[in-house]
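K.L.:
So you can see what is in the structure, the chains are spelled out below.
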Amino acid sequence: MTVDTLRKFVMPEVIFGEGARMQAVRYLDNLGVAHAFIVTDPGIINAGWIREIASAAEAAGISATIFSQVSENPRTTEVDAGTSMYRENGCDGILAIGGGSPMDCAKGIAILSTNGGMIQQYEGVDQIHHMGPPLICIPTTAGSSADVSQFAILNEQEKLRKFGIISKTIIPDVTLVDPDLLSTLPEKFIGYCGFDALTHAIEAYVSTGSSSLTDLHALEAIRIIGEALPVAYHERENREAARQMMLGSLHAGLAFSNASLGLVHAMAHPLSGLYDLPHGEANSLLLPEVIRYNYLSAQARYNRIGEILGASEEDIQKNGVEAIIGVVRGLAEKVGISGSLGDRGVLRRDIRTLSDHAMVDGCIVTNPLLPDVEEVMRLYEAAL
Amino acid sequence: MKRRSEQTREEQLLLREKILGLGETSFRKSYYPELRIRLRELERFRFILDQVSVGIVIIDPRTNSIVDLNEETCRLLNKPQKELRGMRLADCLDQRSALNPEMTEIENGVAIIRDLPSADGELRTLEITMHHAIFGGEEYRIAIMRDITRQRAAEQAIIRTKDMFESVIRISAVQDAGEEEILSAALREAAALTESTHAYCAILSPDETFFTISSSSDDIPAMARLSPADRGGPWEEVIKRREPILGGRCGGICLPISEGDRVVAVITLRGKPLPYDEFDLRVATYLGEALWQIVLRYRAEERLWQLNEELERRVMERTRELANLNSELEAFTYSVSHDLRAPLRSINGFSLAIWEDFADDLPEDARLYLERIRSASERMGTLIDDLLLLSRISRAELRRQEFSLTDLAHEVIEEIMEQEPRENAHVEIEEGMVVSADRGLMRSVLMNLFSNAWKFTGKKEKTEILFRSQKNNESTTYCISDNGAGFDMAYKKKLFLPFSRLHTTEEFPGTGIGLATIARIISKHEGSIHAEGIPGQGATFYFTLGSKERTGVLQ
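Just so you know, the sequences run in chain order U and Y. Sequential numbering of the first sequence, starting at 1, is according to the numbering used here. Sequential numbering of the second sequence, starting at 1, is according to the numbering used here.
Source of the hints: derived by calculation from the structure; they are not laboratory data. Heads up, a few of these hints could be off.
Sample of chain U residues with no beta-carbon within 12 Å of chain Y, all distances over it, derived [stated by the list, open to error]:
# : residue
1 : 4
2 : 126
3 : 168
4 : 173
5 : 208
6 : 257
7 : 303
8 : 312
9 : 326
Covered by chain U, per the in silico footprint, the following chain Y stretches (three or more residues, Cβ under 8 Å) [unchecked claim]:
#  : segment
10 : 9 to 16
11 : 24 to 32
Just so you know, these numbers come straight off a predicted model, no measurement behind them. Note that CB positions come from ideal geometry on N, CA and C, so glycine has one too.
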């Protein structure tokens with residue numbers, strides 16, 4: 001073991017609260033952006049958010065070019081298309097509005113616009129040499145936390161795989177967390193995204209890269225999400241619950257961006273690559289089996305999580321990991337997440353491939369217990 | 001794809017470090033390094049802009065003031081960057097304020113700014129093109145300045161050189177004018193080419209004691225056109241130094257025109273508003289040299305013309321004298337011949353009467369003497385006839401007609417054979433010879449030549465006479481040859497002189513005028529005649545009948 005005493009904590013400038021999105025114009029101006037490239041998806045455009053922000057920008061003398069060809073799992077081809085459009089229009093800054101997909105795609109465009117080449121070149125950790133242009137994020141889901149993280153996950157369709165780009169240089173400059181935007185998300189996504197955020201917090205907390213600074217945010221995230229997620233899911237008009245989900249997701253993002261993640265994410269990324277399965281959904285279905293596998297390596301931390309999520313001390317004493325898995329499953333069921341990977345069409349014959357991918361995923365290295373490929377395969381099987 | 005087994009624990013730990021942000025190249029997003037790179041690029045670009053030999057100025061159109069500029073602009077406008085920033089471009093360009101309106105008018109066009117003072121004191125010409133540009137949402141005017149001094153100078157030099165050549169052509173084309181007018185015209189051209197108000201040419205007299213002065217204008221009175229050459233002025237200095245003077249005491253340009261080592265004239269130009277430059281000197285020198293050549297040519301032509309006149313006059317005089325002499329001589333010959341006939345007839349008649357009436361009474365000696373008197377007077381008669389013929393031919397007018405020379409020859413030879421029949425004679429005459437000539441005169445020619453041939457073959461066993469023609473190119477030569485006594489080629493020149501004979505009268509009778517007569521006739525036909533001979537073997541006479549002759553062979 002190396003001497004493991006250093007920890008770093010990096011985060012963007014954050015504005016949280018209703019109406020935070022309207023600060024976008026001021027920040028574009030502060031960052032010297034004259035022609036903003038807005039990356040989003042058609043759903044957000046239909047909801048009218050883009051029109052609102054673009055016209056405010058134009059009123060301030062900032063032109064805007066809108067790019068919305070972003071899929072659920074953003075593709076490398078979409079990054080290429082966006083980069084061309086960015087260059088052709090002479091843009092000098094990026095505003096990403098949406099869930100994790102537009103934000104990750106925006107990060108890819110930011111990388112290529114200054115570094116050039118193919119986005120696949122930058123796969124892995126610290127492969128980026130030139131700063132991207134200013135990047136402002138306005139998240140519309142409470143889950144991905146791409147707006148605060150150093151991660152960008154992209155989908156290389158020809159190879160049916162997802163790959164991660166990890167670099168402090170792609171942490172956005174500013175994130176404007178505005179709970180108003182959450183109201184437009186479909187019900188199902190609130191559940192998945194909420195569970196995604198919860199997974200971020202749990203994995204960051206048990207990560208071998210965690211620290212006091214990240215623990216603070218992780219535990220706060222678990223607490224907030226545990227309480228607010230069922231309310232937000234059932235009461236779409238409950239503004240306070242939405243606000244709490246956004247806040248929880250933000251905390252979770254700050255935690256995992258600095259402490260990194262673990263086996264759930266390492267295993268979930270190949271699933272999304274192979275089956276185009278929503279990230280939050282894949283996380284929620286893998287989480288219980290990974291908790292079971294990791295439990296003994298981070299028992300106290302998992303117990304703490306169980307407590308926060310409502311498991312009694314007695315239950316934990318008596319049932320150990322099952323008590324933890326129980327509260328997690330309970331929460332999942334409350335927000336309509338049930339079933340298994342098999343129900344989502346995951347095939348046994350793909351498990352070997354999925355496992356191979358998971359073994360080389362960057363997230364795996366901070367998991368409390370480092371598995372071998374057979375163990376990963378067994379975990380996939382258990383989650384089928 | 002990497003497997004677990006391939007990924008060592010070390011590598012995993014390293015990856016973990018990097019993910020936590022502790023890798024060597026993990027840093028927080030900061031625009032500073034990137035800005036520094038861009039700044040360096042901009043500085044590099046600025047450096048490049050400062051190296052170009054084109055002035056680039058960015059102007060704020062609202063205030064017309066200079067926002068930014070490159071080094072070349074400072075050089076062109078002869079002011080430091082600090083001073084130029086914030087100034088109006090028109091103010092930088094102009095000390096004479098008249099250009100201001102011009103600058104605002106050009107907008108997108110091109111302006112030429114002349115006579116701008118530069119650091120080295122020379123005046124330069126700038127070309128300024130204005131462009132519009134928008135960057136950072138702001139509108140700007142960009143002025144691009146080029147120093148076109150040299151380009152303009154080169155253009156000017158070409159134009160002036162062309163003007164110079166045209167001037168020379170104009171001067172050399174001056175016709176029907178005296179030397180003074182040519183000089184005056186040339187000086188006007190020189191003045192115009194150098195923007196001078198006055199141009200003078202002082203031609204040094206051959207003894208170098210005075211100048212003859214010409215001017216571009218008619219402002220010099222005839223009295224003052226001569227000036228002594230010992231005043232020690234600029235002209236004398238130019239002559240002494242044999243090089244031009246620019247400015248200074250001469251107040252313009254003074255330059256020498258030389259012929260070999262000697263300065264023959266001095267040209268002076270004055271009154272140009274700007275100082276004279278090297279180009280003015282070149283133009284003036286070239287024009288001066290050309291002018292001098294023209295003057296020399298003019299003088300040579302003049303002399304040639306005078307010589308021609310003189311020559312023509314003398315030829316006419318001589319011709320008249322000769323004509324007089326000729327006609328006098330002919331009149332003399334005619335009258336002598338004519339007047340000699342009467343006394344000769346008396347001598348002839350009375351000696352015949354004595355012979356007829358008193359022959360028997362006369363002693364033998366007396367009879368012999370009388371015979372001699374008679375034969376001598378007969379010969380004299382023939383001589384007079386021949387002389388009269390010669391004189392007549394000289395005066396007669398040539399009447400050309402086309403006729404058969406062959407026929408004429410037959411006619412003549414038959415006549416001769418009739419008078420003096422001879423056996424063993426072979427005469428061959430070429431058929432079909434046709435000529436255009438005076439038939440009467442040609443009869444005399446043939447009669448003479450055939451008679452001679454007949455005469456000189458008299459002592460041969462066999463007489464052979466040949467008459468043929470030889471055609472060379474356009475002319476035809478006729479030849480009459482015989483196998484007679486011939487002659488020595490040493491005397492061939494004497495042959496055609498009157499009264500000259502190669503044989504004694506005793507050998508062959510004759511007056512010695514016949515061939516002279518023939519020569520005269522042939523010469524009247526603009527032909528030629530000559531003879532070839534070998535003593536004892538025969539002679540051949542060749543003659544042509546001149547350029548107007550038209551001959552052909554009748555088929």
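K.L.:
Take the hints in turn and mark each one as holding or not.
P.N.:
Okay, the hints, checked on the actual structure:
{"no.": "1", "hint": "4", "result": "violated, 9 Å"}
{"no.": "2", "hint": "126", "result": "violated, 5 Å"}
{"no.": "3", "hint": "168", "result": "violated, 5 Å"}
{"no.": "4", "hint": "173", "result": "violated, 7 Å"}
{"no.": "5", "hint": "208", "result": "violated, 7 Å"}
{"no.": "6", "hint": "257", "result": "violated, 9 Å"}
{"no.": "7", "hint": "303", "result": "holds, 24 Å"}
{"no.": "8", "hint": "312", "result": "holds, 34 Å"}
{"no.": "9", "hint": "326", "result": "holds, 31 Å"}
{"no.": "10", "hint": "9 to 16", "result": "holds (count 4)"}
{"no.": "11", "hint": "24 to 32", "result": "holds (count 8)"}
Violation of the numbered hints given earlier is confined to hints 1, 2, 3, 4, 5, 6; the remaining hints are satisfied by the structure.
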